[in-house]
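Residue numbers (our numbering), protein chains in the order written: chain A, 34 to 775; chain B, 144 to 261; chain C, 261 to 819.
Think of the hints as simulated: they come from the structure by calculation, not from any bench. Quick caveat: nothing in here was measured; it's all calculated off a predicted structure. Virtual Cβ for every residue (Gly too), placed ideally from N, Cα, C. Treat the hints with caution; some may be incorrect.
Just a few of them, taken from the derived set where beta-carbon distance is under 7 angstroms, the chain C residues facing chain B [claimed, not checked]:
#1 Asp328
#2 Arg429
#3 Ala434
#4 Ile440
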Amino acid sequence: MDLQTWLPLLLGLAWLLPLASFAIVSIGGSLPQIQGHHASYRSQKIAGVVASAACGASFLLSLLAMAIWLTNHPLGAEHPGGHPGTAHAPPHYSGDFYSLASFGDLHLAIGYYIDTLTVTMFCMVTLIATCVHVYSWGYMHEELADVVDNEVATRDGKALHRPGRYHRFFQYLSLFTFSMLGVVIAGNLAMVFVFWELVGICSYFLIGFYIERPSATNAANKAFIVNRVGDFGMLIGLMTLWSSLGTLHFDQIFPQLAEPASAGGLSYPLLVVAGIGLFCGCIGKSAQFPLHTWLPDAMEGPTPVSALVHSATMVAAGVYLVGRCYPIFVPEVLLVIAVVGAITLAMAATIAITAVDIKRVLAYSTISQLGYMMLSLGLGGWVAGLFHLITHAFFKSLLFLCSGSVIHAVHTNDLREMGGLRKKMPWTAYTMLVGCLAIIGAGVPAWGIGFSGFFSKDAILEQAWSFAGANPAPVYGLLLWVPVAGAMLTALYMFRLWYLTFAGEPRNADRYAHAHESPLSMIAPLVLLATLAVSIGWVWPFSELSVTSLLEQARPAGTQETVQGEWLSSLTIPDEHLSHAPEIQVPAGWTTFSAAMGGLLLATMTYLWKWLRAEEIRQSFRPIHSFLWNQWWFDELYDWTLVKPTLWLSRFFASIDHWLIDPLVHGITHVSRLVARLLDSLLDRRAIDGSLHTLADQTWNTGLSLRQLQSGSLRQYVLFLVAGTLGLFAVASLYWKFAVAG
Amino acid sequence: MNFLLANLLSEPVGVAHYMVVGAVLFTCGIVCMATKRNALGVLMGVELVLNGANINLIAMGSPYLQGENATLGLDGQLMALFVIVLAAAEAAVLLAITLNFYNSAGSVDIDQADQLRG
Amino acid sequence: MTFQSLVDNLVNDTLQVSLPLYWPEMVLCATIVLLLLARLIKGFSRVDPFLYAIVGTIAALALSAPTDGFATLDQLQRTELFTGMLVYDGVTVYLRLVLLLFAVLMVVLTKLTGLADRIEGQDFYVLLLGATLGMCIMASANHLMTIFLGVEMASVPSYVLVGILRGRRRASEAALKYAIFGAGAAGVMLYGISLLAGLLGTAHLPTLGLQLAQLDLPGMIAEGQELGTLAALVLAGLMVGVGLAFKLSAVPFHFWCPDAFEGGTAEVAGFLSVASKAAALALLVRVTLAVCAPQASPLPQTAMLSEDPTATVVTTPERSSEIPLDTPLAPVRTYVALFIGIVAAVTCTFGNLAAFGQTNIKRMLAYSTIAHAGYMMMPIAAVALLAGSSPEGAEQAVASLLIYLGVYLFMNLAAFAIIAFLRNAIGSEEIEDYGGLISSAPVVTACMVVVMASLLGIPPLAGFLGKFAAFAVLAQAGTPLTLTLLVIAGLNTVVSLVYYWRVVQTMCLRPEPATRGPLTLGLTPVVYVVLVTLPLFLLFLFPAPLTNLARDAATQLFP
């Protein structure tokens, strides 16, 4: 079994199947519109099935690819073993599907770079996508009939009536799946960039799915624009890399980076620039500080979108890219990444405590967890960060889908209107409980068992502990204690969420009365995801198979030893294996455990047992609460510093255009027209036409006058005969006279 | 011209004299053709022209007049004979045409032949 | 040279050399005689004269093919027939083909239009064939006598043909004018011939040229001697030129042309415009070649009166190359080229301008014929110029003229055929009465459009081919005279658009005149017109047969 051909084939097919379903659904949905009516609801329903089938098929193909991979690359066999400290590239297959163009050294191609990380990501993305597709059958059910949208402001004040567009949702979901898989499989940074943008566009479509709602369209715009800000930095990074390395292909960059900087590799400052540039893109895509403001607003989209795009996949793309491009990042850049991650996780966690919209809480939770991943990667915990990415994908999507189920039942997002719902919606409640436990990292450190989040969070904190140990300066210690505090806050807000929704007394009797459990199409994915949220961190019995070992196999060259920074010579990024030492593992584990338990306790006290009163706390810390309630005033800050000046500038230029340039252009037009008219009448009509007419008239008159030569008189003819002869003779003799004389 | 004529008058009769006669006939014929109103007069002019040329030809071809310059051989006289016949044939045809014109126009006045003009 | 040997030579020459190469004309003669005598014999007189005519002309056409075939036409040696009276070479072959093909087509046309039935058919055909015979003689003339004979033989029947419709005032007037003018011009030409023969001592064209060369004209001009002889030569040449110009309807000897065409029937006008022009141009070529580039040929074996058998008359030198022909004939060439060039320029300009205001289509086409004669004379001017310096160029010029003639045949025949058929159908020859024919007679109108375009010289029609060949030769010659002629010809082509297109415009765009009745054209006339118009396309698409034939015919004209 030749992996070189089969892996690209399988994964390529898995990648393209959602594109095919996008094409089918979009064409099938547009054809009726060309004929003047909208697609029938029956066909729209089929669209959903088609899209889900494609996604499911992709998942099966990914599993098959994983199986083939594992057969040929058994886990543990290629483990670098100890700390050999040599640059050892992980097993990978790379190549080009299709070469687009070659401009000198720059080869633009659609290509692939497949290693264990790729295969793992494929399986994760397609599985979650399939779950979300199936979930959407139930959630988007109302789009299968004419929709009455109360949130849209219409001219006459009544609610908007519009036909349902069920199929469009699946169309965008398919396109998104295709784009995300494109980012994962990409073999070169140019392709990554293309699909990066494509993912952003799909996110735009999906967030703004309810296009008639101004809030939705604004949120979509915000998401896209903020992403673009990050992409600006990413382009700088790409260009730096290309101009110095001459290629954007991963399989050519990594070997070059293994060389020392002096011998053909990149100079250190350029590496720093490239690294920070690339990371800028990740800041935008993964909603890190300071480009995080779009993610909470992105909750305007339907909940499946939030589950798939804004928790598990798209926002993870930034983290994935950092992981993929890890060899490019030098320790200074990694430090920057870690600091950004730390700030993000702290900030988001604080805001989540005060949010009252169920999805907003989860959104800030996502931002916070992404901060954890970035922090981990920045501190050298490559496997830890990506492990957390995978576990987070499962439990966050689970959490979102559960919240969607709740929203579907009570028709509101507001936590203040919920309460006591576990009696009405047991499945939702308890799967959500599983998710909450997973996210806080519930588990028993001594026995080493727990939910999936337990393992991944522990790994992160172990690495942080190791890092703090390797870098004694106090400022580096912050990078350890902030995540610990964050763990406590995580537990606090997650269980606040759960208690407010499912425990206690219902705060709105009406909504409570109407609440009902969701249909099977929505419950089934919840259960599946809950199972995975629990188990994905475990090792498959009687084998080495686990997410950790998979990622270990994909460990890039350059993460297998402790590295020192060059500019900050005191900076040490410890090797990740060092963090598995018991003297780090044990304290880290217990610290995490106690932090999580502390937060859980606090939440229970406040919201379940009501020992502490939330309103009182809010009153006493009013300024802090207000600060957090308004999300650290980021939106207002950006509005004042960026949006308003831009608008002012654009108005200024518009006025220049209107008052200066337009009149100038109009003036030129008038003058040109005047000149043209003048030239026309003077030159064209009088001179040219006139001369032509004169010429024509003269010729005509000459012709007519020549007719008179033919007088009709025979005597005159004969006379002409004689005269002609004599005349010609005269001419000839004159000619000869001159010839002779000369 | 006068000088030439004066010379001719003092020399024995040679080719030049005949040529002068031929020229005179030719000129008379041309004038006749150009000025006569009567079609038959014009035809006479035609005859005169042809005969003037004939005299020329004969004189040119005469071995007696030319002496050692008589390279024209018999061509001159033969040509004259041919021309006489041709003139006769042409005259016959021209007369027939004049008759035709007389039948349709009612006169032989060639000034009446002016319908075709321009 | 005894009489016996003279007779023997003569019989030899006639039977072995001349007659075998003279069959087409013999057949024409036989046909004429048959047509004339058929009236006398009962059985023959009931046969339609058309049949005699068509059989005779087709036979003559078939016999005019070169004896060794067309492939070897370019190697055809120049043969003098009838003791130097006529010449048989490529040009003779080509012109015979043109003239006899035209005669065939004309006989068919007159049968279709019914002209030959209204008058006595045989009279008409006799005159037609007689004129054709005269033109064939013109085309192969090698002796001053034959020139005159040919011109007369071609002209006199034409005088009668023009006036053949009895009872028409206009026809008789046209015939009268044509005849008298023609007779006058012929008389002038004869006088010029007599002067020329006398001055140079010979009437045989090649010998004439050689004698001219021996006169040492450049010397005479340089030293200013013998002005009388020079003046006489100039006058003689001019007068011969007058006769040729009359036949060519060159200005200022064109006055007969519009009247003859308008007065005569369309068929006769067509005959005059094509056949007599072709023969006249061939004759002009012959004369030009004789005086500008004479070739060595045996002295005509006419009887000498000298009793001394050893006394030799001026014999031609063994090879003409012994006398340097180039320089001595340069003044002649210049004179001839200038004369022809100026006349050509004036002719085509006059013809085009005077055609503007014409309302009668035959008169318009008469002026068009005059203009085309002007165009066709221009390559001959080039021949005169190039004869000494570049024989290949002169050959090409002659070839281009032959091509133009070939194309011209079909163009004018088609035009006059259409006019004849339309005259039968609508009874008018005024251009205004042709309005709206596009709907009544679409095929014929289309053919007329094609013909007008071809006359104008628009590609992709054969008229362009002819004009292009002629203009190319002028451009290649490159002298100031030829370039001026080229410019004038070009301007004239542009100017001629006015009147050619007026016909098209009237036929296609103008409404039908109220006075015209319904139109019926039979199938055969339309088929004939189409068949005659088709070569205008085919000759453009496949010019090779015509151009190759013309080129082969023009080879061997220069040593």
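Evaluation of the provided hints:
1. Given hint, Asp328/C at the interface with chain B, is violated; its Cβ is 32 angstroms from that chain's nearest Cβ, farther than 7 angstroms.
2. Annotation: Arg429/C was flagged as interfacial toward chain B, and the flag holds, the nearest CB pair being 5 angstroms apart, inside 7 angstroms.
3. The beta carbon of Ala434/C is positioned within 7 angstroms of a beta carbon in chain B (closest approach about 6 angstroms), and the interface hint is therefore held.
4. Taking 7 angstroms as the C-beta cut-off, the interface hint given for Ile440/C holds, the closest approach to chain B being about 6 angstroms.
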